[in-house]
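Asker: Chain order of the listed sequences is A and B.
Position in the first sequence (from 1) plus 805 gives the number in our numbering.
Position in the second sequence (from 1) plus 805 gives the number in our numbering.
Since the hints were made in silico from the structure, they are not lab data.
One or more of the hints may lead you astray.
[Stated by the list, open to error] With a straight-line Cα cutoff of 25 Å, these simulated DSS-like cross-link-like pairs (lysine-lysine) come out: (1) K991/A to K991/B; (2) K991/B to K954/A; (3) K991/A to K954/B; (4) K954/A to K954/B.
[Unchecked claim] Restraint-style ranges between C-beta atoms, simulated for each label pair: (5) G957/A to R906/B: 23 to 33 Å; (6) D1009/A to E956/B: 19 to 29 Å; (7) E899/B to N912/A: 53 to 63 Å; (8) S1038/B to S1018/A: 22 to 32 Å.
[As the list claims (entries may be wrong)] Computed footprint of chain A on chain B, listed as stretches where at least three residues anywhere in the stretch have a Cβ under 8 Å from a Cβ of chain A: (9) 991-998; (10) 1018-1024.
Backbone N, C-alpha and C fix where the C-beta goes; we use that ideal spot for every residue, glycine too.
There are 2 protein chains.
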Amino acid sequence: MLFFTQCFGAVLDLIHLRFQHYKAKRVFSAAGQLVCVVNPTHSLKYAPTRCAAAQASTEQGILPPCHHHEAVHDPQLVPCTCPLFSCPWEGHLEVVVSHLRQTHRINILQGAEIVFLATDMHLPAPTDWIIMHSCLGHQFLLVLRKQEKYEGHPQFFATMMLIGTPTQADNFTYRLELNRNQRRLKWEATPRSILECVDSVISDGDCLVLNTSLAQLFSDNGSLAIGIAITTSKVHSSEAEM
Amino acid sequence: MLFFTQCFGAVLDLIHLRFQHYKAKRVFSAAGQLVCVVNPTHSLKYAPTRCAAAQASTEQGILPPCHHHEAVHDPQLVPCTCPLFSCPWEGHLEVVVSHLRQTHRINILQGAEIVFLATDMHLPAPTDWIIMHSCLGHQFLLVLRKQEKYEGHPQFFATMMLIGTPTQADNFTYRLELNRNQRRLKWEATPRSILECVDSVISDGDCLVLNTSLAQLFSDNGSLAIGIAITTSKVHSSEAEM
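Generate coordinates for the entire structure from the input sequences, incorporating the hints supplied.
Answerer: Here you go:
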């Protein structure tokens, strides 16, 4: 009996996912963009992690192992930078993608412009929505995180990391765009390298930040669509060092 | 002696302002944009105001006098909507601009695209930076506010209001753009009518919202440059009612 109940639950989940995917496809098909429905993962870490330990060691004047490739005991090895879990894995930069796919089941999408459709935005913090994006010969990790920086006031943070070195990351610009209800919000920046901690990028606030009220304005039925585009870096024509 | 000290202080202030203006002009001259240096005004209200009273009366089922033109006792009269002061003035919509200029000393700028350079971003909340912008045959009010929505965590809120009716406001789109340090943040929306409370727009979070850390990333020596552009409304091509 329990087996049948579980099977029925699984079928219902599949139908729900299928419905969300078709709805998103219908919306974005006109724009010819690839839509990826991304389900949330309730973050299992937030216990003292490798990054937290790294930050503590930075305060003591020691280089953090997850901030700089050079600081990992074997310079050929990179610790697992998946922001979801405190994972003991470490390996060469070239195999990070396959580790993230196989161990953490993170999907990878191809295309110059994609739409990231994060579902169930109402879930309590901390929650992460994660996907990999393959573009211009490189792989990028998009992280959307719901987190309470100020207790009782959850915010959404979105950033893009290159699965590569900081020098390689400097060659790209990523754009995240929200567009709904006659409102549009765009964030453009150079991606950070995955060798840096996603936690510190988010705690520095150097990413797209949304209050709950803005996230609600841009979301529909609890799903938030983020348009993503990656280009090779060009000097921002109107930018000036003020 | 006191007189000379005061004169010297005034001269120093003038030199400082002049320096800021020339610096901003130098930065933006390449883009051919008009720069306006806007000094902060420490908000004198936040006592129970007309808007607060209006919100209280809304809770009691009475239409707020500052939310809808129709609800003002004389439909030809508009209360003063200057967000700085709890001002008892009311008058016709056509004379709001001259009231704001003459009584509240708010500058007015002309031009399709202007740069709003808010100085002294470090000042404690609540602080407002306000200017009027004349464009496409109408006048708009730009309000940048530093406010502590969550105690101890000041945020910056920027919005644009049309000095006109909500129906007129629907014909325009405004854009606020921050651009510095290889980061760019753009907010586009339909302006609200000045007949609505700027306080409620900000408390709803339906505007450009910046955390202190993001504001610091975009500011230079305590000044934040916001590029402003107003256009007549067009349907956002890629927008979809998701």
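Asker: Work down the list of hints and note, for each, if the structure agrees.
Answerer: So, going through the hints one by one against the coordinates:
| no. | hint | in the structure |
| --- | --- | --- |
| 1 | K991/A to K991/B | holds (5 Å) |
| 2 | K991/B to K954/A | holds (23 Å) |
| 3 | K991/A to K954/B | holds (23 Å) |
| 4 | K954/A to K954/B | holds (14 Å) |
| 5 | G957/A to R906/B: 23 to 33 Å | violated (42 Å) |
| 6 | D1009/A to E956/B: 19 to 29 Å | holds (22 Å) |
| 7 | E899/B to N912/A: 53 to 63 Å | holds (58 Å) |
| 8 | S1038/B to S1018/A: 22 to 32 Å | holds (23 Å) |
| 9 | 991-998 | holds (count 5) |
| 10 | 1018-1024 | holds (count 3) |
Going down the numbered hints, you'll see the structure goes against just number 5.
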